[in-house]
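What follows is the residue order along each chain.
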Amino acid sequence: MSDALRDQVRDFILENYLFTSDTSALGLDDSLLGRGIVDSTGMLEIIFFIEEQLGVKVKDEEMIPDNLDGVNKIVNFVSSKRQAA
Amino acid sequence: MTTLVAAIEDAARRHGAAPALSWHQATWSYADLAGAMSRVRDAIAAKVNAGDRVALLLRNSPQFAAAFYGVLGAGAAAVPLNVQERAGVLARQIEHCGARLVLADAAHVEFAALREALDGARVTLLPLELVDSANGCEAFGASLGVHPATAAPAVGAESLACIIYTSGTTGRPKGVMLSHANLLSNARIIASYLGIEPADKVMCPLPFHFSYGMSVLNSNLAAGAHIVLEDNLAFPQVVVKRLQDEGITGFAGVPATFALLLGRTQLKDFNLARLRYVTQAGGAMPRPQIQALRAALPHSRVFIMYGQTEATARLSFLPPDELDEKLGSVGLPLPGVEIEIRDPAGHVVPEAEVGELCARGPNVMMGYWDDATLTAQVVRDGWLHTGDLAHRDGEGYLYIDGREVEMIKVGAFRVSPQEIEEVLATLPGVQEVAVTGMPDALLGQAIKAVIVPREGAALDVMSVKAHCRAHLANYKIPKVVEFAAELPRTSSGKVQRYKLA
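Line order of the protein sequences matches chains V and H.
Numbering of the first sequence is given in the working numbering, commencing with residue 1 and proceeding in unit increments.
Numbering of the second sequence is given in the working numbering, commencing with residue 86 and proceeding in unit increments.
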């Protein structure tokens with residue numbers, strides 16, 4: 001797993017939803033919804049980020065908690081999509 | 086039957102095993118719900134007198150319903166708080182309504198901060214367990230403690246049942262007072278025009294502290310139907326799959342809900358034949374979206390509806406058969422509700438002319454809590470002045486043309502620009518600030534803040550947003566923050582918010 005990708009995803013969420021650069025504010029396995037960090041609109045923005053910044057298309061049926069609800073989940077999802085591409 | 090509580094207790098007697106509410110792994114029957122309601126009543130009986138306010142800090146759950154109707158059954162008034170708010174706002178509302186008891190989710194993120202913010206000598210915070218598994222009802226009862234059984238007091242239909250806080254044009258709390266008669270009459274009419282029956286299974290993603298969500302709760306339980314709770318719409322495909330797999334027959338959403346379902350799911354790939362109807366309220370939905378929704382759900386009747394908290398929830402709806410012919414209309418007044426479109430002098434305007442929508446009927450609120458001045462402005466001679474601009478066509482169908490006051494509507498939530506301005510004004514380095522709505526493809530409007538920094542102040546977008554996040558619900562955090570040398574003003578010095586967008 002790429003550390004650069006992990007940092008990129010974590011920084012995006014920290015900057016856009018927690019408005020801090022303090023990495024201790026967000027655990028890599030924290031649920032973004034469970035902790036009230038994003039709502040449904042925020043999740044759409046994250047998908048937009050994945051598609052535009054990370055270059056991975058998210059299909060409708062891939063919009064599930066296992067792929068998107070946490071930094072590690074997003075990193076795993078993006079990595080596997082990149083490998084499959 | 087004169088109250089919703091009596092209607093639910095009656096349903097529990099007649100078909101107690103029938104499911105009332107499902108939440109994750111838990112399903113509460115009507116008997117479970119009625120039992121938990123009386124446990125709530127027993128638990129608070131010694132602490133409250135008739136008419137006392139009891140605040141609820143509980144998210145959508147069967148436990149919310151038990152607490153809400155339990156409080157009503159005790160003759161007290163429930164004040165359901167917005168669980169997305171921070172402790173400061175919650176404490177202000179609790180103090181404003183004079184509640185001395187708060188039934189709160191012990192796991193709520195603001196619980197400790199709220200306890201800190203409240204005067205412990207005056208207000209009791211009762212922590213409750215919200216468990217979403219099969220033993221949820223027992224765990225909830227246990228967290229209430231053991232109390233002697235009480236008899237249900239007689240509750241007058243015209244007495245205060247609940248207060249719902251809504252955003253006003255000022256930062257002051259604005260509490261809409263609704264009576265038992267308000268709640269019951271609106272619930273009955275809604276259940277009637279939607280044709281809700283005990284066999285119905287409706288999915289509700291809308292928060293219950295919000296009048297639309299509360300109307301879904303009240304109307305379905307009054308009719309003996311089954312409500313399935315959905316916590317959020319972050320994964321729309323998962324929601325649509327649930328609609329299919331669980332055989333949902335009714336679904337309630339706001340325009341942003343349907344924008345999500347239409348934009349991020351393939352509705353036609355699912356079998357939604359059992360979805361008898363969908364309802365939309367909470368702001369105007371663009372006409373192309375109404376047509377797209379209708380095309381995507383060929384088996385479902387689409388109800389376009391209109392109302393406001395001050396009218397309990399609903400004022401009008403468009404019969405689905407007339408959707409094509411009257412596209413863009415919010416329909417006709419509910420049975421028993423009169424609607425007039427008036428000019429500023431109070432005269433009814435001619436057909437097709439725009440005026441203020443005014444309404445009279447059993448759903449019009451009692452007034453605003455502890456604000457006789459505002460009440461007298463809004464309710465005059467029994468007529469509710471909604472602040473919405475509207476017109477009628479030749480057949481009496483209503484069309485909403487906008488609002489008179491400067492409110493931002495983010496998704497379905499009304500947000501007061503002033504509330505956000507007041508929070509930003511407390512941030513060091515801010516000399517002046519103005520907040521406005523800007524167009525947003527998904528939510529209709531998003532929030533924009535323009536800040537004039539003090540000379541030499543080191544402000545940046547992130548610190549501004551972080552300050553907002555600490556004091557405001559997430560949906561009230563400005564999406565765009567800009568810095569400017571000055572704000573646009575009229576010659577009299579009033580800030581022109583509309584020029585900021």
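One should not assume that every hint holds.
[Said to hold, decoys possible] Counterexamples of contact, computed for chain V against chain H with all Cβ distances above 12 angstroms:
#1 Ser-21
#2 Asp-39
#3 Thr-41
#4 Phe-49
#5 Leu-54
#6 Asn-67
#7 Ser-79
#8 Gln-83
[To be verified] Here are the computed distance ranges between Cβ atoms for each label pair:
#9 V:Asp-30 x H:Arg-327: 23 to 29 angstroms
#10 V:Glu-52 x H:Glu-282: 31 to 37 angstroms
#11 H:Glu-410 x V:Ser-79: 50 to 56 angstroms
#12 H:Arg-99 x V:Ser-24: 52 to 58 angstroms
#13 V:Ile-64 x H:Glu-282: 30 to 36 angstroms
#14 H:Gly-481 x V:Ala-84: 57 to 63 angstroms
#15 V:Asp-30 x H:Gly-280: 42 to 48 angstroms
#16 V:Gln-83 x H:Ala-191: 42 to 48 angstroms
#17 V:Asp-66 x H:Val-194: 22 to 28 angstroms
#18 V:Asp-66 x H:Gly-280: 33 to 39 angstroms
#19 V:Ser-24 x H:Asp-478: 16 to 22 angstroms
#20 V:Gln-83 x H:Val-194: 35 to 41 angstroms
#21 V:Glu-45 x H:Ala-103: 38 to 44 angstroms
[Stated by the list, open to error] One-sided and incomplete, this derived list gives chain V residues near chain H with beta-carbon spacing under 10 angstroms:
#22 Leu-28
#23 Ile-37
#24 Gly-42
#25 Val-56
#26 Asp-60
#27 Phe-77
Because the hints were derived from the structure by calculation, they are not lab data.
Every residue, glycine too, gets a C-beta built ideally from N, C-alpha and C.
Looking back at the numbered hints, which does the structure fail to meet, lowest number first? Hint check: 1, 2, 3, 6, 10, 19, 22, 25, 27 fail, others pass.
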